[in-house]
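A.B. asks: Now for the letters of each chain:
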Amino acid sequence: MAKKLPKVDVVIVGVGWAGGIIAAELTKQGLNCVGLERGKERKTEDYFMVHDELRYALRYELMQDLSKETITFRGNEKLRALPMRQYGSFILGDNLGGSGVHWNGQTYRFLPYDFEIRSQTIERYGKKKIPKDMTIQDWGITYDELEPYFDKFEKMAGISGEENPLGPKRSSPYPTPPMKTTPALEKFRKAATNLKLHPYNRPSGNLSEAYTNPDGVSRAACQYCAYCERFGCEYGAKADPVVTVIPVAKKTGKFEIRTHSNVRRVLKSGNKATGVMYIDTTTGEEIEQPADIVVLTSYVFNNVRLLLQSGIGRPYDPNTGTGVIGKNYAYQVQKGSATGFFEKEEFNTYAGAGALGMVLDDYNGDNFDHTKLDFIHGGSIAISQTGLRPISNNKVPKGTPTWGKEFKANSVKYANRMLSVGGQGASMPFKHHYLDLDPTYKDEFGDPLVRITFDFEEQDRQLAKYLNERCIEIMKEMGADLIDPFEELGPYDITTYQSTHNTGGIIMGAEPDTSAVNNYMQMWDAENVFAVGATAFPHNSGYNPTGTVGALAYRAAEGIMSYREKGGILA
Amino acid sequence: MADNANQQEKNESLTRRRFLKNSGIAIGGLAVGGALGSLIPFKDKTTNEDVKTEQHVENYNLALMFFTQQQFRMVEAATERIFPADDNGPGAKDLGVAYFIDHQLSGDWGFNAREYMHPPFFKGEKVQGYQGRLRRREIFDIGLRELQNHSLTKFEKNFIDLDEEQQIDVLTDFAEDKVQLTTISPSGFFNMLRTATLEGAYSDPLYSGNRNMDGWKMRNYPGSQMAYTDVIDQEFKVIAPKSLKDHLGH
Numbered sequence: 001m002a003k004k005l006p007k008v009d010v011v012i013v014g015v016g017w018a019g020g021i022i023a024a025e026l027t028k029q030g031l032n033c034v035g036l037e038r039g040k041e042r043k044t045e046d047y048f049m050v051h052d053e054l055r056y057a058l059r060y061e062l063m064q065d066l067s068k069e070t071i072t073f074r075g076n077e078k079l080r081a082l083p084m085r086q087y088g089s090f091i092l093g094d095n096l097g098g099s100g101v102h103w104n105g106q107t108y109r110f111l112p113y114d115f116e117i118r119s120q121t122i123e124r125y126g127k128k129k130i131p132k133d134m135t136i137q138d139w140g141i142t143y144d145e146l147e148p149y150f151d152k153f154e155k156m157a158g159i160s161g162e163e164n165p166l167g168p169k170r171s172s173p174y175p176t177p178p179m180k181t182t183p184a185l186e187k188f189r190k191a192a193t194n195l196k197l198h199p200y201n202r203p204s205g206n207l208s209e210a211y212t213n214p215d216g217v218s219r220a221a222c223q224y225c226a227y228c229e230r231f232g233c234e235y236g237a238k239a240d241p242v243v244t245v246i247p248v249a250k251k252t253g254k255f256e257i258r259t260h261s262n263v264r265r266v267l268k269s270g271n272k273a274t275g276v277m278y279i280d281t282t283t284g285e286e287i288e289q290p291a292d293i294v295v296l297t298s299y300v301f302n303n304v305r306l307l308l309q310s311g312i313g314r315p316y317d318p319n320t321g322t323g324v325i326g327k328n329y330a331y332q333v334q335k336g337s338a339t340g341f342f343e344k345e346e347f348n349t350y351a352g353a354g355a356l357g358m359v360l361d362d363y364n365g366d367n368f369d370h371t372k373l374d375f376i377h378g379g380s381i382a383i384s385q386t387g388l389r390p391i392s393n394n395k396v397p398k399g400t401p402t403w404g405k406e407f408k409a410n411s412v413k414y415a416n417r418m419l420s421v422g423g424q425g426a427s428m429p430f431k432h433h434y435l436d437l438d439p440t441y442k443d444e445f446g447d448p449l450v451r452i453t454f455d456f457e458e459q460d461r462q463l464a465k466y467l468n469e470r471c472i473e474i475m476k477e478m479g480a481d482l483i484d485p486f487e488e489l490g491p492y493d494i495t496t497y498q499s500t501h502n503t504g505g506i507i508m509g510a511e512p513d514t515s516a517v518n519n520y521m522q523m524w525d526a527e528n529v530f531a532v533g534a535t536a537f538p539h540n541s542g543y544n545p546t547g548t549v550g551a552l553a554y555r556a557a558e559g560i561m562s563y564r565e566k567g568g569i570l571a
Numbered sequence: 572m573a574d575n576a577n578q579q580e581k582n583e584s585l586t587r588r589r590f591l592k593n594s595g596i597a598i599g600g601l602a603v604g605g606a607l608g609s610l611i612p613f614k615d616k617t618t619n620e621d622v623k624t625e626q627h628v629e630n631y632n633l634a635l636m637f638f639t640q641q642q643f644r645m646v647e648a649a650t651e652r653i654f655p656a657d658d659n660g661p662g663a664k665d666l667g668v669a670y671f672i673d674h675q676l677s678g679d680w681g682f683n684a685r686e687y688m689h690p691p692f693f694k695g696e697k698v699q700g701y702q703g704r705l706r707r708r709e710i711f712d713i714g715l716r717e718l719q720n721h722s723l724t725k726f727e728k729n730f731i732d733l734d735e736e737q738q739i740d741v742l743t744d745f746a747e748d749k750v751q752l753t754t755i756s757p758s759g760f761f762n763m764l765r766t767a768t769l770e771g772a773y774s775d776p777l778y779s780g781n782r783n784m785d786g787w788k789m790r791n792y793p794g795s796q797m798a799y800t801d802v803i804d805q806e807f808k809v810i811a812p813k814s815l816k817d818h819l820g821h
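The listed protein sequences derive, respectively, from chains V and X.
Heads up: the first sequence begins at 1 in my numbering, then just goes up one per residue.
Heads up: the second sequence begins at 572 in my numbering, then just goes up one per residue.
One chain only, chain V, in its complex shape (with noise of 0.2 Å):
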């Protein structure tokens, strides 16, 4: 029998960036709101021993342990979906910031393009561009209704950059100005300007001077220590939610943060949640948290998985392409990048930051002419200098043995003089790409995991060959002495890691037919339940997904305010 709590206004399940951003909006306006996070409390303490590539980037130390939860995979409904049983292509974040602890602080808007993206592409290439299955959808919000958002969520993280040649409208510059640039990054800026390209330095979330938010949360400036991607910033440099919005909500009094609370279930009754049921995963004690409101900010992956096993919202199906909750599953191509080799160079590629890099959108969206390109959208094509560290860093020209003599003079050699260019490519929906649960495995609670069907498509054979030409130009120009060939891109594969960019199963819309949320992150189906995260976005653009992530974290928080007041479902 579960142990029944005392109602709350809102129950946050997921204490990341989303459930951060809505926790400190909704207890600014004075609304009493719980989070549950499944793991543990994290500070910026932790950090002392970062600097640690084993245990943070290789062993996952701050990752999902897998021996109690994961997901389930396959490459087509023909196939039986087997459990992704060590990390690879993705990690999934834990404890308290979620993620957004691990990320690298990569923060780009979305295009106007990507929000308009089905009346856009048919206007100016007609209906056939689309091929029969690509099931792209415009997302019921234009970039300019957007627009406030955005500028919000970068004032609070204090977003480093200057101002992309080929971007949107802005209201206002950047908070900050953009981190400190490196020979290799000139290097490419200089080879990008002489294609007549438009490089600009990445926006940051590694803050590049000392800076106040419009909270009054002051944070130091990043020391290009190297160890962001995987890692927690041991500065507090680096914009994450557990010492940004995280300390402005609890600073109010009204935010409760219960760690080792694995949420299960969203209760209902009838067309409305009214709690979610826990576990503390410390007494393995059942508890109901009773609420007015229900908001989903976990992981993509338990976004969905919890709409499904709670019966809330109609699921896919992907014989007929009716139902919502799991469609437009949607992912990142990442393959077309070109690596060069410097026989005469060395570069300080030891030293780095998360979100250090120099960009161009030339070859991103709709940017440029598709007519004759089999493929639509594009990507940012970027050099990014992370930090090389030694264990994950071994490039050796193509033809190299990979262990021996060879091997290790190359290695070694080359440490310090291989760069890459990397194009990010937007990852379009397909009607056989979707999320629902898995009718064999299952998680420490013996509830389903999430399954996974998805596959690279042509749409992405292509894409991944012209960006990786484009990669090649640039790196010639910048006169690297060896580049390796083109891969094809091949199926989608589980084992190597790509990016933590998974996207889609609760997608955005302005119809219920064909979304599972309104843009206000209000779920057509529930009006009291919201499901915010990279769930809503209907395709995963060119870009790294947490600037747009957090836009619609702001836009749902002034809606969950308007639905408090109001009732219904929001226009």
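Examples of chain X residues toward chain V, derived with CB under 7 Å:
| hint | residue |
| --- | --- |
| 1 | GLU686 |
| 2 | GLN699 |
| 3 | TYR701 |
| 4 | ARG765 |
| 5 | GLU770 |
| 6 | ASP775 |
| 7 | ALA798 |
Honestly, the hints are just simulated from the structure, not real lab data.
Positions of the beta carbon are idealized from the N, C-alpha and C atoms, including for glycine.
With chain V held as given, fit chain X onto it using these hints.
C.D. replies: Same frame as chain V, now just chain X:
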């Protein structure tokens, strides 16, 4: 070189002090200062005296937690073939890689403790990743036994008694799946050994490999530095490495 390193160290201390001074202003407002406070005492402390005392301390970590002596010697020899000593610097053996692997196998990694090891087990597509029921320590037991068997079959000698070329030959058969095994994948075992070799060569010396930070020195990797603000926008520069041990106050 040594002078360079000393100079470098001085510069770094300056940077650190300057940083701490500058960032003092940033710790106001809400409490997000974090690890910073606890960092203040750390370096500057290593006096010549400390260094001298340390030289006489026996390293009691050089003992085995998992391997038998024979397994240990095989791993020493095999990893040395994967990452041999050369003009650049020491190979796997002198870096302590076999100790690293031994110690790793005795903990979480060896038991696949944080991985999903629940049944049912089915053979899957390559892109679905490892689907076996064996844990790493079991794979090592089997893999090393088979390495020995293959050496005896092919060259009628123990693996450790083979000459370098023969050892490379045997390892190549594993790497290219030219050995018939029923329980484990030969290349799967080989790749695990290769990955563990690089981990042992380049992880913090805390884990018993990368002895004396020689793995890092070989490729001019500075290890764990607190800040690169002074070099980030500069041309390439060699910085004497630091390990996590340097971060602990005494």
